[in-house]
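Fit chain B to the given chain A structure using the hints.
Sequence lines, in order, name chains A and B. Here the numbering used here is used: position 289 in the first sequence is 289, and no number is missing along the way. Here the numbering used here is used: position 43 in the second sequence is 43, and no number is missing along the way.
Everything labelled a hint here was simulated from the structure, so no lab data went into it. Glycine included, every Cβ here is placed at the ideal spot set by N, Cα and C. Among the clues, some could well be false.
Straight-line alpha carbon distances no greater than 30 Å define the calculated BS3-like cross-link-like pairs of lysine-lysine that follow [stated by the list, open to error]: (1) B:Lys-201 <-> B:Lys-105; (2) B:Lys-14 <-> A:Lys-9; (3) B:Lys-105 <-> B:Lys-204; (4) A:Lys-4 <-> B:Lys-217; (5) A:Lys-290 <-> B:Lys-305; (6) B:Lys-201 <-> A:Lys-297; (7) B:Lys-217 <-> B:Lys-201; (8) B:Lys-301 <-> B:Lys-14.
Derived Cβ-Cβ restraints for the label pairs, each shown as a range [unchecked claim]: (9) B:Tyr-274 <-> A:His-142: 49 to 59 Å; (10) B:Arg-8 <-> A:Gly-148: 34 to 44 Å; (11) A:Ile-190 <-> B:Arg-8: 25 to 35 Å; (12) A:Trp-72 <-> B:Arg-222: 51 to 61 Å; (13) B:Tyr-19 <-> A:Pro-219: 22 to 32 Å; (14) A:Trp-206 <-> B:Asn-61: 53 to 63 Å; (15) B:Trp-60 <-> A:Leu-152: 55 to 65 Å; (16) A:Pro-215 <-> B:Thr-23: 22 to 32 Å; (17) A:Val-214 <-> B:Ile-294: 30 to 40 Å; (18) B:Phe-20 <-> A:Trp-206: 11 to 21 Å; (19) A:Ile-190 <-> B:Lys-69: 47 to 57 Å; (20) B:Lys-69 <-> A:Asp-48: 36 to 46 Å; (21) B:Asn-61 <-> A:Val-214: 33 to 43 Å.
This is what each chain is made of:
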Amino acid sequence: MKIKWTTIKANLENLSFALPAIIIFAIFYIYPFLKVFQLSVCNWNGIDAFSFSQYYTGLVNFKEILVDKIWWQSMWHAAYITLIALTFQNVLALLLAMACDREMKARNYYRVIFFIPPILSEVVVGLIWQWIYDGNYGLLNHLLQTMGWDQLIHSWLSDPKTALTCVAIVHCWKGFGWGFIILLAGMQTIPRQLYEAAKVDGASSWYAFWHVTVPMMIPVFVLVSILTVLGTMQVFILIYTMTGGGPGYHTEVPVTRILASMTASSRFGYACAQGILFGLVLLILSFTQKKLSERLKQE
Amino acid sequence: MKHGLAYRVRRRVKGFTIYFFLTIVAVTCLFPLLWMFGSSFKTQSTVFSDMSLFPKDPQWNNYYVAWTKGGFGVYFFNSLLYTVTVVFGIVLVSSWAAYAFSRLKFPGSLLAFNMFLAAMMIPLPGSFVPLYVLVNHIRKVLIEFLASSSPFLLQMFPASFVDQLLVFVEQQLYPRSAYIFCMINVGLSFSIYILKTFFDKMPKELEDAARMDGCSKLGIWRHVALPLARPAIAVIVIFNTLNVWNEYILAQLILSGKSTMPLQRGLMVFQGVYVTQYPLLMAGLTMTVIPILIVYLALQKYIIKGMTAGAVVG
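Bound-form chain A, shown alone (with noise of 0.2 Å):
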């Protein structure tokens, strides 16, 4: 009997070292986490007392979102800016790594410039570039009229045609020094003597890019593209800063159409239903990523 005691006592003593990381998680991640599902299924303007049985209203939210066009442009434009930022940003990325992956002095400074921006905050980044783009007072079209390309002189955000392009530009502006990190890394771990033999054997560095690097950083490229996708399709404090989802609706993005129907419209429940919605398309794009690449290292 006694021993028992002992052992409760121990696991108890145990636990409480673990206690205040899980009391903390259970209120503010696994009580969110539950209260998004109940919300999702209620109409609640976030102001009344809330009560589960009087807000029910099933499936409604989730039906209107099927047919709720804002929103659909909103996943649009994130699924564009993604494209952008996979391809142009995440080829930037490569080409700069593979500059500074040859034997090179000053690649520690280049390093440490283009790693400034992914630590600057989206409000910072945003309101430096939204002052940049300015139609009237804007550094960008300041430089255009010097240049004399006049005629490409531009309110660059609040043009619907432009707006969107502007915003990814920022967005990989902000970016591209992660994937080039990542990259770097990941090209210093290719044993040079492989690249060695190839240049023995008479191959150009163009072959040695091809059947060298390439087959040796897929896990590294997988990786540099699920973080891309993930991160981009769920940025949102750079458009919010910059555009405000505006002009009109054309720089909505899913997660500020989220922020929209809770702090402009109070339709907490209606928010709560995106939020589900898209964080269900996010697990399934990083679900076949992982599975791609998967299949990618088998073979």
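Okay, now just chain B, sitting in the frame of chain A:
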């Protein structure tokens, strides 16, 4: 080895092209920041005409105005407060938990650890909605509780003091601590994961020796595990410091009083009020960026490592 002239020329051209390309990108990275810095020293009338990067007549006064009238002094202090408390809280709570998950046995420990892992894997966009609901709900309960206990307080303290106390709790203490706890939770899973994997690899002999000497579990955590885990803790501190300093959305939803706002939130408020006061805005942006930049340049090796670890894990 002798090479032909054509080969050497080609090599030179190639090397030059690479440097040129790298330098162009580097300038593109730095230019917006230099522009921000330079503009923060211009006046409202010269900021749109003077296109020099460093103005001849720097307006240091902009910083004074932004710091006092713009409220950036308060925002700066708040950012500092949140960053320090949240990071300290995360290190404390996550190292306790990671140590328990790695070394101490208790029923449900695997389940609990796996839940933290799952939280990192499952994307939850819009998690700010239920968090906002939760924080608001607790606020209401707290206010009701305070209101119901105020007659009791009034018997002991003068009325003006009770009023001030209630206002302080409602507008300062509660929103600030709610934000701090939310942010601790944001960094928790990642930090526990990093520390647990570190503790798992750590040799047990030192801890055994300490136990022989009669050290308590808390003592072993404090005097053996924590000092050994310094590299992992550095990663956690760096990753979370940047995260908290740069956080925006929860600050917007939870902190509505100007006196409690951190810099990122303050920047948006300032921008909303003084739409085209670019020099002051740029001064505010510079104040937000400089501390992070200094820390980054001083610790860049560790920061790049820490941030990459964070991204890959998350």
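Right, here's what the structure says about each hint:
Between Lys-201 of chain B and Lys-105 of chain B the CA atoms are separated by roughly 17 Å; this keeps the pair inside 30 Å, and the hint holds. For the proposed pair Lys-14 of chain B and Lys-9 of chain A, the alpha carbon gap of about 70 Å is over 30 Å, so the pair is violated. Using a Cα cut-off of 30 Å, the hinted pair Lys-105 of chain B and Lys-204 of chain B holds, with the two alpha carbons roughly 15 Å apart. Taking the CA atoms of Lys-4 of chain A and Lys-217 of chain B, the gap is about 20 Å. The hint holds against a cut of 30 Å.
For the hint pairing Lys-290 of chain A with Lys-305 of chain B, the CA-to-CA distance comes to about 23 Å; that is within 30 Å, so the pair holds. Distance check on the hinted pair: Lys-201 of chain B and Lys-297 of chain A sit about 27 Å apart at the alpha-carbon level, within 30 Å; holds. With a CA separation close to 19 Å, the supplied pair Lys-217 of chain B and Lys-201 of chain B stays within the 30 Å bound. Distance hint between Lys-301 of chain B and Lys-14 of chain B is fulfilled; the C-alpha atoms sit about 29 Å from each other, no more than 30 Å.
Checked against the given bound of 49 to 59 Å, the beta carbons of Tyr-274 of chain B and His-142 of chain A, roughly 21 Å apart, lie outside it. The hinted range of 34 to 44 Å is satisfied by Arg-8 of chain B and Gly-148 of chain A, whose Cβ atoms lie roughly 39 Å apart. Checked against the given bound of 25 to 35 Å, the beta carbons of Ile-190 of chain A and Arg-8 of chain B, roughly 27 Å apart, stay inside it. Remark: the range hint 51 to 61 Å for Trp-72 of chain A to Arg-222 of chain B is upheld by a beta-carbon distance near 54 Å.
The beta-carbon spacing between Tyr-19 of chain B and Pro-219 of chain A, approximately 30 Å, falls within the hinted interval of 22 to 32 Å. For Trp-206 of chain A and Asn-61 of chain B, the hinted distance range of 53 to 63 Å is satisfied, since their beta carbons lie about 57 Å from each other. A C-beta distance of roughly 36 Å is found between Trp-60 of chain B and Leu-152 of chain A, which places it outside the suggested range of 55 to 65 Å. In this structure the supplied range 22 to 32 Å holds for Pro-215 of chain A paired with Thr-23 of chain B, their Cβ-Cβ distance being about 31 Å.
At about 39 Å, the beta-carbon gap between Val-214 of chain A and Ile-294 of chain B stays in the expected band of 30 to 40 Å. The hinted window of 11 to 21 Å between Phe-20 of chain B and Trp-206 of chain A holds, with their beta carbons roughly 20 Å apart. Judged by the Cβ atoms, the range 47 to 57 Å given for Ile-190 of chain A and Lys-69 of chain B holds: they are separated by roughly 56 Å. At about 39 Å, the CB distance of Lys-69 of chain B to Asp-48 of chain A agrees with the hint of 36 to 46 Å.
Checking the proposed 33 to 43 Å range against Asn-61 of chain B and Val-214 of chain A shows it is violated: the Cβ atoms sit about 56 Å from each other.
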